[in-house]
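S.K.: Construct the entire structure; sequences and hints are all you get.
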Amino acid sequence: MMFAVTAVAIMVIMALALIRAFMGPSVYDRILAVNMFGTKTVLFIAVLGFFAGRPDFLDIAMVYALINFIGVIAVLKFVERIAEEESADVDGKEN
Amino acid sequence: MEQVVDILSWLLLLAGSFLGISGAIGLFRFPDFYSRVHAASVTDTLCALLIISGLVLQAGFTLITVKLIIVLLFLWYTSPVASHALVKAAHYHGLKPLLSDSNEDEVKEEEVSSKS
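Chains as they are written, first to last, in numbering that gives the first Met the number 0: chain U, 0 to 94; chain C, 0 to 115.
Treat the hints as calculated values from the structure; they're not laboratory data. Backbone N, C-alpha and C define an ideal beta-carbon position, used for all residues, glycine too. Where hints are given, some of them may not hold.
Okay, derived cross-link-like pairs now, EDC-like style, lysine to aspartate or glutamate, Cα gap no bigger than 16 Å in a straight line [stated by the list, open to error]: (1) LYS95(C) - ASP5(C); (2) LYS87(C) - GLU83(U); (3) LYS87(C) - GLU79(U).
Which residues of chain U face chain C? A partial, calculated answer using Cβ under 10 Å [to be verified]: (4) VAL4; (5) ILE9; (6) ALA14; (7) MET22; (8) SER25; (9) VAL26; (10) ASP28; (11) MET35; (12) GLY37; (13) ALA51; (14) PRO54; (15) VAL78.
M.R.: Shown next, in the form of structure tokens:
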């Protein structure tokens, strides 16, 4: 029962994070919301594992925690490269 | 003894989810990107600690507790680094923080313009 309450609370947090991702003015708000969504997914998988009585879900939570981190760093590198290209195009030369 | 463990994990789980929800609400109430990062990432780590310690109480001394501790350590090491990289990239890209009401309009159009 308590796992159900926690799972619902985490789902509410994930929904709020998604709304922030849609509303977020700058691209970095979106990355922040996706990062928070990812860490909450890890907790959600762990709580769901306990709720369904399947302790092997924790392996998935472990893997997801790492992949989420790598994903955020990859998106940051990608966005940073685009920002540099943009500033290079604007000046027309490699500043 | 069983009730004590259950009640304690109930409290921990509720505190963790309350903290998570407050972090999520903080995402909306804070005016500026940098304060939003603060709201989101601070509650991330503590919410993870509370929820996972609530689960550890339920699991007791088994392999599951070891896995839970490993998940917690992964979260504790990766989310601060991710938030730091995020803020560093945003600052490097030139997203100015909202210092006071004076440059509110300038930061607003800066944020909108950086919607690349």
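S.K.: A separate judgement is required for each hint: does it hold in the structure or not?
M.R.: Hint by hint, here is what the structure shows:
1. LYS95(C) - ASP5(C): violated (47 Å)
2. LYS87(C) - GLU83(U): holds (14 Å)
3. LYS87(C) - GLU79(U): Within the cut-off at roughly 10 Å; holds.
4. VAL4: Since the shortest Cβ distance to chain C is 7 Å, the answer is holds.
5. ILE9: holds (7 Å)
6. ALA14: holds (8 Å)
7. MET22: holds (8 Å)
8. SER25: Since the shortest Cβ distance to chain C is 5 Å, the answer is holds.
9. VAL26: With a closest approach of 6 Å, the VAL26(U) hint holds.
10. ASP28: holds (6 Å)
11. MET35: holds (5 Å)
12. GLY37: Given a least distance of 9 Å, the restraint on GLY37(U) holds.
13. ALA51: violated (13 Å)
14. PRO54: holds (5 Å)
15. VAL78: The hint holds - VAL78(U) has a Cβ within 10 Å of chain C, the shortest such distance being about 7 Å.
Of the numbered hints given earlier, the model fails hints 1 and 13; all others are met.
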